[in-house]
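Trainee: In order, the protein sequences belong to chains A and B.
Take 282 as the starting number for the first sequence in the numbering used here and just add one per residue.
Take 177 as the starting number for the second sequence in the numbering used here and just add one per residue.
Careful: at least some of the hints might be erroneous.
Within a straight-line C-alpha distance of at most 30 angstroms, the following computed DSS-like cross-link-like pairs (lysine-lysine) qualify [to be verified]: (1) K377/B to K512/B; (2) K389/B to K234/B; (3) K544/B to K196/B; (4) K233/B to K300/A; (5) K745/B to K283/A; (6) K390/A to K436/A; (7) K358/A to K300/A; (8) K370/B to K389/B; (9) K522/B to K300/A; (10) K915/B to K745/B; (11) K790/B to K803/B; (12) K300/A to K512/B; (13) K233/B to K745/B; (14) K390/A to K434/A; (15) K196/B to K300/A; (16) K390/A to K915/B; (17) K358/A to K390/A; (18) K522/B to K537/B; (19) K390/A to K901/B; (20) K390/A to K318/B; (21) K413/A to K434/A; (22) K234/B to K377/B; (23) K627/B to K389/B; (24) K377/B to K522/B.
These aren't lab readings, by the way, just hints derived from the structure by calculation.
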Amino acid sequence: MKSAVVLFPGINRERDMMKALEAGTGVAPVSIWHTETELPDVDLIVIPGGFSYGDYLRCGAIAGRSPVMAEIIRAAKRGVKVLGVCNGFQILVETELLPGALMRNAHLKFVCREVRLRVENTDTFFTSSMRKGDTVSCPVAHGDGNYFASDEKLKQLEDEGRVVFRYVESTNPNGAVNDIAGVVNRQGNVVGLMPHPENMIEALHGRSDCWPLFEGLAAA
Amino acid sequence: MSIPNDIEITDELVAEHGLKPDEYERILDLIGRTPTLTELGIFSAMWNEHCSYKSSKKWLRTLPTTGDRVILGPGENAGVIDIGDGQAAIFKMESHNHPSFIEPYQGAATGVGGILRDVFTMGARPIAAMNALRFGSPDHPKTRHLVSGVVAGIGGYGNSFGVPTVGGEVNFHPRYNGNILVNAFALGLADADKIFLSEAKGVGLPVVYLGAKTGRDGIHGASMASQEFADDSEEKRPTVQVGDPFTEKCLLEACLELMASGAVIAIQDMGAAGLTCSAVEMGAKGSLGIDLDLDQVPCREDAMSAYEMMLSESQERMLMVLNPELEQEAEAIFTKWGLDFAIVGKTTDTLRFRIFFQGDKVADLPIKELGDEAPEYDRPWVAPPEPPALTHADVPPPNDIADALLTLIGSPDLCSRRWIWEQYDHLIQSNTAQIPGGDAAVLRVEGAPHKGLAVCADVTPRYVEADPFEGGKQAVAEVWRNLTCVGAEPVAITDNLNFGNPERPEIMGTLVRAIQGIGEACGALNFPVVSGNVSLYNETNGEAILPTPAIAGVGLLPDLSKMATLAFKQAEDAIMLISAAEPAGHLGQSLYLREILGREEGPPPPVDLDGERKTGDFVRGLITDGKVSAVHDISDGGLAVCLAEMAMASGLGAAISLELAQSPDHAALFGEDQGVYIVTSTAALSDEILEAARNEDLFACRIGTTGGTELTFGTGVSISVESLKERHQHWLPAYMAGKLAI
């Protein structure tokens, strides 16, 4: 599995993600600078967490309209796998590769803490090594992770089983509707989530609950 | 509107610049003529207390600053220590007190930004941040607003920049009602042979302005930080800078790329007094002159005057001396990151600081004298009187020990800080091995996967107030002890000395005695000071803060797998107390006295530095040998609080039987004796540990056993760990939500 990590100014969890991808796939990911308009030949494109463009307009809004994203949208339509974590999820929502919106946390504060996630969908490239219903611990670190979608869209998401991760055990940290932490597109190749699985993959992190997600990428 | 440069320099104007008449005389002597307005501004910026250390310098010189692992001590942007494997740790703590009181979000945010820049201007990637915060009484009408703004500001900047904020401390006391303290710490990692300095080298080389544009924010910020507040402090809001963490993150990446390219000869961030201080520092250190052409300075606002440009404290800016052969490569890096890159001057052999603007020379000053000839004062001081002793008989026991412990654990100074540190990203970079809530935070060191760095910040201001010498010692010893508790070898400290008006002999006396105490402890513990900052004039309408010499320390863990934490690990472990001598149950200045009896009296607990070192070295040995399962030290709230913290962190209870001979129950439980460790081990190992301690002439005894869901003392006192947790977690979120009747 060859992967690439997209770098916008202000992205700051790219190093965490690159370490996790390298450990999981056995191959160091390449990086894509935001001004590039030609994508490398890779199987997976990851948009990591951070504060692209300072989150100054609206989280992910400026990055979502940058030249490289037009290419990534085209690649995604071709079936290239795309993963967005935290700010990356916000950017994917801005491009409408993923449905819904990520609003300010309900308590209006940034929150960095461990939550419990249930894996709801194991048909994606990122969760294929998990079993449906598995629960894992995973940290979040965001100010705008309050997932929202219209009733109609929400029903569609739920009916089609496109919620990938859900906060469980009363650990929803941001007020997200239906406790949604991560979703997948209808085509099944674009996944976005607010939590940071790359920060829970080894003993040093306290637990390695999210290691299977990265380990599974090698086979995906 | 532009300020003309040819306006008359009156006595009032001199006074408004914070310069005393004799200081102005000194300027006239130095330059032999009346200064221009721009020059007066430059002197004011360089000679204020914040930049010149004129009241504290004499005493700071007495601090131990060298050691086996010290690569660079005070004098540069931050201190540098050798952590082996060709790696260096670079760190400093700095105050942003005055601006944070006036505008808490931006004041705290730019405090974080400034300290991060101090670290990466030396070539280090920041890997951890901490903050030491002091607020006024919880019932003061401004306190909640200030806590909320400061915490959001620290998080807003650090989270976006991408540094884990892993520790710190918070106190509340009415003496901070008019002046809060925001001390920000940053730690960075660099290769030991790739440290960048501010000393300019080479004549005729380009001086380059990097980063964000210059605006009118922060003009006179450093001067404000050198004055007391009166009722008009709100009017100083325009002197507070505005932070842009996004630009700072880009600046970090651009600077590190630039440094790797070989283009940087010298580099200095623009902090207090902005362009003035950075240019003078680079020139004076390198014994070179600097010519600046202000027409080239990237400005964010129209029609800025020379005076404004020289005194602006706009954030996220750097000044460097460039290797001219690499100008194009250097500029390309900054263009890529969307940052300004402008050649604004050159180095000269004139030893003059000359500033040109719109065809005029607006300043021409001797560069070395601007720094070196700053006034230095040996201010009169009086040692504060020693507080009268307090005997056990003076301190009644509580009606109910369980209630007293619950009250303490739920009090503003001891309750959980989770509400704060959950607003800080403490996990980014994937290297946080010990998160906030323990004795020290621990970070894995990239490039050496088994190695860790431990960091913590401490001072007990009420001890320093009662006896500044012992209080200064205690602050250093507690940092040393907390690093030891996680298994780290303490290496060096940075000090952030926050005091009132040094022109008052009793305040100056407190500062002098505290520095002497810090120096004594640093010497005895081989724990040198490698960087620091002094913040004076923390007074409002004549009332000073509690003297607060905050100390932050860095320790080295050669093997992360040996790291200790404070949580009990399993039932049936033996709980042992180890110290140099049997604890006396010292209740003077204890939180028991203050929170339960409403009294702030007596001397602080004395620190026996030889005993401290012997005990700490012994406990660290136990950790390294893998013999102990949990380690914690006695500090605020005494033994009972120490044990409660170990229980709450694990969910496991403990049965404690106290057979300490010297003190009555409440003194043994709540006394804040120094240099005392509580450790746990398997029952099988405990006899061996106790014997080894006694062979070292230490006091060691078993005080209990872990297990169950209750913390019990003897037969009469039992508290469930759940109820401790509930009380511990309750106060801060409830207070911040406005749900407490205070």
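Trainee: Is the straight-line distance between the alpha-carbon of K915/B and that of K745/B 30 angstroms or less?
Mentor: With a Cα-Cα distance of about 35 angstroms, the restraint between K915/B and K745/B is violated, given a limit of 30 angstroms.
Trainee: Tell me if the straight-line CA distance from K389/B to K234/B falls inside 30 angstroms.
Mentor: The hint is violated at about 37 angstroms.
Trainee: Could you grab the alpha-carbon distance between K790/B and K803/B and see if it respects the 30 angstroms cut-off?
Mentor: holds, 18 angstroms
Trainee: For the pair supplied as a hint, K544/B and K196/B, is the alpha-carbon distance within the 30 angstroms limit?
Mentor: holds, 21 angstroms
Trainee: Is it true that the CA of K390/A sits at most 30 angstroms from the CA of K434/A?
Mentor: Holds, at about 27 angstroms.
Trainee: Need the status of pair K196/B, K300/A: alpha-carbon distance at most 30 angstroms?
Mentor: Violated. K196/B to K300/A sits at ~57 angstroms, over the 30 angstroms cutoff.
Trainee: Quick one, are K377/B and K522/B close enough, alpha carbons at most 30 angstroms?
Mentor: holds, 11 angstroms
Trainee: Is K390/A close enough to K318/B, meaning Cα to Cα at most 30 angstroms?
Mentor: Holds, at about 20 angstroms.
Trainee: Under the criterion that the straight-line Cα-Cα distance not exceed 30 angstroms, is the pair K358/A, K390/A satisfied?
Mentor: violated, 35 angstroms
Trainee: Is the Cα-Cα distance between K522/B and K300/A 30 angstroms or less?
Mentor: With Cα atoms ~42 angstroms apart, K522/B and K300/A exceed 30 angstroms; violated.
Trainee: Compare the distance between the alpha carbons of K413/A and K434/A with 30 angstroms, and conclude whether the hinted pair is satisfied.
Mentor: holds, 23 angstroms
Trainee: Decide if the proposed pair is consistent with the structure: K627/B and K389/B, CA atoms, cutoff 30 angstroms inclusive.
Mentor: Violated, at roughly 40 angstroms.
In summary, the numbered hints that this structure violates are 2, 4, 5, 9, 10, 13, 15, 17, 23.
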